[in-house]
Amino acid sequence: MSLLGIETFMYRLKNDPAVQIAFAKRSAVAYRGFELTPEEISTLQAGDVVALYRRGVHPLLLAPYSRYAGIPRLKYQGLLAPLKGLRQLSS
Amino acid sequence: MGQIVFAAALSHAPGIAAFPEAPPRDKRERFFAAANVARQSLELAQPEVLVVLAPDHFTNFFVDNMPAFCIGLNDTYVGPVEEWLKLERRTVPGSSQIAADILLTSFEHGVDLAFAKALRLEHGVMVPLTLLTPAMDIPIVWIMLNCQVPPLPPLRRCWQLGCVLRTVADRRPERFAIIGTGGLSHHPGAPEMGEIDEEFDRTFLRQLERPEKDLLLSMPSERVDRAGFGAWEIRQWLAVVGAVPERRAHTLMYEAIHEWDTGCAITVFN
Numbered sequence: 001m002s003l004l005g006i007e008t009f010m011y012r013l014k015n016d017p018a019v020q021i022a023f024a025k026r027s028a029v030a031y032r033g034f035e036l037t038p039e040e041i042s043t044l045q046a047g048d049v050v051a052l053y054r055r056g057v058h059p060l061l062l063a064p065y066s067r068y069a070g071i072p073r074l075k076y077q078g079l080l081a082p083l084k085g086l087r088q089l090s091s
Numbered sequence: 092m093g094q095i096v097f098a099a100a101l102s103h104a105p106g107i108a109a110f111p112e113a114p115p116r117d118k119r120e121r122f123f124a125a126a127n128v129a130r131q132s133l134e135l136a137q138p139e140v141l142v143v144l145a146p147d148h149f150t151n152f153f154v155d156n157m158p159a160f161c162i163g164l165n166d167t168y169v170g171p172v173e174e175w176l177k178l179e180r181r182t183v184p185g186s187s188q189i190a191a192d193i194l195l196t197s198f199e200h201g202v203d204l205a206f207a208k209a210l211r212l213e214h215g216v217m218v219p220l221t222l223l224t225p226a227m228d229i230p231i232v233w234i235m236l237n238c239q240v241p242p243l244p245p246l247r248r249c250w251q252l253g254c255v256l257r258t259v260a261d262r263r264p265e266r267f268a269i270i271g272t273g274g275l276s277h278h279p280g281a282p283e284m285g286e287i288d289e290e291f292d293r294t295f296l297r298q299l300e301r302p303e304k305d306l307l308l309s310m311p312s313e314r315v316d317r318a319g320f321g322a323w324e325i326r327q328w329l330a331v332v333g334a335v336p337e338r339r340a341h342t343l344m345y346e347a348i349h350e351w352d353t354g355c356a357i358t359v360f361n
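The listed protein sequences correspond, in order, to chains A and B. With the first letter of the first sequence counted as 1, position 72 gets the number 72 in our numbering; the numbers rise by one all the way through. In our numbering, each residue's number is its place in the second sequence (first place is 1) plus 91.
Keep in mind that the hints were calculated from the coordinates and are not lab data. Where hints are given, some of them may not hold.
[Stated by the list, open to error] Restricting the straight-line Cα-Cα distance to at most 27 Å, the calculated cross-link-like pairs of lysine-lysine (BS3-like) are: (1) A:K75 to A:K25; (2) A:K75 to B:K118; (3) B:K177 to B:K118; (4) B:K177 to A:K25; (5) B:K177 to A:K75; (6) B:K177 to B:K208.
Quantities reported herein were computed from a predicted structural model and do not represent experimental measurements.
Required output: the full structure, derived from the provided sequences and hints.
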């Protein structure tokens, strides 16, 4: 279980068209090389932004991921709204 | 001798480009009118190079290699990378020669910048350029400040970066413009997205108008954190003040624009 693995995947998804295409096709190829567990892949495939936020994913990676997962902006906000106050990012 | 002929700081919320019509008319008109004033001021100043201080939002940098500061040595830049911004993808000239001078000068002054030659532009640079220099014909130097992944460069270090820029501008023949982009309070992508800390924003802007260095640089990080991690981007603003500490900040506008999820401000330093 690796937060770094999840975030690395999201970073590549944001910036690598090949990963974007594979992710859109729901191809297993999208997750190759990221050392993700089956549970993590399942969470990413499901677009479960609530679980991912709870896991500690950086919001600046989660929001772009949500676009590729096909979650509209307002729905994304609605899904995360109950988690207000759960985490405060500290500098 | 060259000089800093224009200095400003402004918000770069992607909503400004992606959904400009979303805020109430009075708020968005105030924002775009102020941006217009800043644009005219920039044009009148006729800069020959535009230094852009802006963070990166996981486009060029990730935690596998996250510099505190990184200067672009690009000869040209392309952006924005975000298709959803609804901005045309453009090629922007870069001034690699001046960037290299800033880089070497930073070493001499104890602020060790990283460098990169193939940076791609995202909204943090492209939204302000669209507002202030839509022709995008002024060569730019982008300096990335890490405002996204702690540990962040301390406020004082960002101010010192501004001092380096001043040293270079004072020595070189070109006319410099400097802009810092980002902030003020916001929580991009987080459950608190849309919450804006007006008290923080207005206090910060008031402090800028009477720039007492120690007061600005001793701002408790806990207070900045409460304003949202997007408020970490005040580092760009403080770097600008470090470059022009003798000038007075004149805030052209401030609005808590919830539709853009950001406390939006535009400030020029005259």
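* Asked: What hints, given by number in increasing order, does this structure fail?
  -> The structure conflicts with no hint, since it agrees with every one listed earlier.
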